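Chemist: Chain residues, written in single-letter form:
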Amino acid sequence: MLNVSGLACSRGERRLFTDVGFSLDPGEWLHVQGENGAGKTSLMRLLVGLSPADAGEIRWRNEPTPSVEFRRDLIYLGHHAAVKEDLTPLENLLLAAALDGVGLDERTALAALVRLGLRGREDLPVRVLSAGQKRRVLLARLLTRPAVIWVLDEAFNALDVAAVRLLGDLIAEHLAAGGMAVLTSHQPLPVPGGKALVL
Amino acid sequence: MIPWFWAAAIIFGVGGLWISFFVAPTDAQQGEGYRIIFVHVPASWMSMFIYLVMAFWAGLGLALNTRVSGMMAQALAPTGALMAALSLWTGALWGKPMWGAWWVWDARLTSELILFFLYLGFMALQAAIDDPRRADKAGAILALVGVVNIPIIYFSVKWWNTLHQGSTINLNKAPSMAQTMLWGMLLMALAFWMYSIAVALMRVRAIILERERHTEWVKHAVE
Amino acid sequence: MNAFLATVRRDLLLALRRKSEVLTAVFFFVIVTSLFPLGIGPEPVLLKKIAPGILWVAALLATLLGLPRLFSADHVDGTLEQMALSPSPLGLLVAGKILAHWLLCGLPLVLLAPILGLQFDLDASTLGILTLALLLGTPLLSLIGAIGAALTLGVRGGGVLLALLVLPLYIPALIFGAGAVEAHSAGLGAGGHLSLLAAMLALAGFFAPWATTAALRVALE
Amino acid sequence: MQWNSVGEFFAMGGYALYVWGSFGACALLMIAEPFLARRRLSDVRKSLARERLADELELQQKNS
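Here the protein sequences come in this chain order: A, B, C and D. Residue numbering for the first sequence follows our numbering, beginning at 1 and increasing consecutively. Residue numbering for the second sequence follows our numbering, beginning at 1 and increasing consecutively. Residue numbering for the third sequence follows our numbering, beginning at 1 and increasing consecutively. Residue numbering for the fourth sequence follows our numbering, beginning at 1 and increasing consecutively.
Next comes chain A alone, as it looks inside the complex:
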């Protein structure tokens, strides 16, 4: 499904990595590891098509990316909160889905927020929530937006023990349903299996 070969990237004048390649099939996930500054985030951004690669190729369903199909199948959660502070969690989810052109009813959105432990916070502006809670609002998108491949950059940061376990469960469910995931982190992840890629 996802085939990456010969990927190279440089930041400014510095070469970050060359000749990175891997492939993922349904149910598999990739754990990208490396020191600070090794280029994990850069690889993620290349992968999703935010920045162009110096060399190499990324193919999704045998088509070169970025394609509309790839974007439809993709969820990317990066370092940013990616939620609007002035809107409530519920509004954030509904509007994000509307921008993506994905149908989402209030019931599903509410269920996602409840599952992520944000019960009672649906109608507060995100601004007043804690960093971990903001992160949970973002993670709720994993449940409200159907996608095949999840690209999560440092998704386990700023989460408490319960939320780490919850995210682990979500990823495991996603993989069991034939999904794929690419994750970065320094710590071992609470998800079994997985290929490793060290930068």
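It is possible that some hints are incorrect.
Examples of chain B residues toward chain D, derived with CB under 7 Å [stated by the list, open to error]: (1) E32; (2) L88; (3) P97; (4) R203; (5) V204; (6) I208; (7) L209.
Stretches of chain D that chain B covers, calculated by requiring three or more beta carbons in the stretch to come under 8 Å of a beta carbon on chain B [stated by the list, open to error]: (8) 4 to 10; (9) 24 to 32.
The hints are simulated quantities; they were obtained by calculation from the structure and are not laboratory data. Because the structure is a prediction, the values reported are computed rather than measured. Backbone N, C-alpha and C define an ideal beta-carbon position, used for all residues, glycine too.
Given chain A's structure and the hints, the job is docking chains B, C and D onto it.
Modeler: Showing chains B, C and D alone in chain A's frame:
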């Protein structure tokens, strides 16, 4: 290759200066003051032409994703801005004795001023972005937007000018161009051309060395 | 198309939660136009003559005031990144944002212009032409400004740079916009100016979202 | 030849300020610009040479 362009620039320049000062006769209406056009006109031509070349390189860079085109555009901009500045300066010095004012809101002068601002914007944008590749692309988009806008700006300013024409200044009533004047202007234009090419090539060399300093061939090239 | 409308709705909702930011531009417009008579003197003939120019320049600067925020807030919190990766075409979302910007920063100016025009002793038909010219011209300002806002996104000293990039490109709009009113007062008819303004609007409506999208993708790299 | 004397040439029929102001500015800027460009080039070359030297020194220190 660069020395050849320098040599050509100097030869054409000397020839052009000779004609403009010693061969071209005194103008009946404007006296000796008209000799300014021997630098004014080439500078104005170059300022416009360099923008077109810059936009061409920029477009090429965006379409084909080649690195050198961005560097070319970047190298051309200061020279283009210089030409625009010279054109404005000499235009003012010509206008003062001829029209009695340093500056009139004539269509050409106004467009030239705007062109100068466009150059400044291009250079400021490139200087403000740290990542050279991003700077190239952003600059390229700006140059292309500018190139679409230049004719619109020119015609709008021209129209605005005719609507507001208070005094009877007519730039188009240029003295009938004598053959010698045309030659002088042509030679000066060629000199400006060669100068621009030489200086832009020099600058692009510096830019290439700056940007590609970590590649092997640059390390060997400096020896 | 739904994504386009959703973007408009989203930006309007966000502006509603932060009213002060929208009102700043409107107050700026009102205050600047009211300052001119104080600086120049209350001669009705002179004021009448310079009114279109003043109102247009003030509208231009007021639009410029809101431009840096057009994309920067979304850039900082990462929602712009999500838009760039959305299955909906980014150009469509960008067009939605530009429309929202016009509704928030341009339309209020159009609606206020006839009232402010009264300060300059303009008659009813002149006020009508002025409003019509602004109605055609302010979307043009938003469209061109969006390109500049995208180009200067995340750039050092972006605000000043934005003015340097955008103001020269605003000149045709200024000339034809203010010119329409003047031509009307001079009895020449404003039709030509207004149709040229409309033509430029059509051209910019087609190209500007495209150029803005390209610039945004560069800024996100 | 239309100039009778050097003085007349420099006087430019009363337009000296304007004519020489134009040609002078052109000459000045068009001489200054290449020098600036050349300085930039030599600056890069110097810093590249410095880098090579640093590379060599590093190598020497490693070997000794």
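Chemist: Are the hints correct? Go through all of them and say.
Modeler: So, going through the hints one by one against the coordinates:
no.	hint	result
1	E32	4 Å, holds
2	L88	10 Å, violated
3	P97	5 Å, holds
4	R203	5 Å, holds
5	V204	10 Å, violated
6	I208	9 Å, violated
7	L209	4 Å, holds
8	4 to 10	violated (count 1)
9	24 to 32	holds (count 4)
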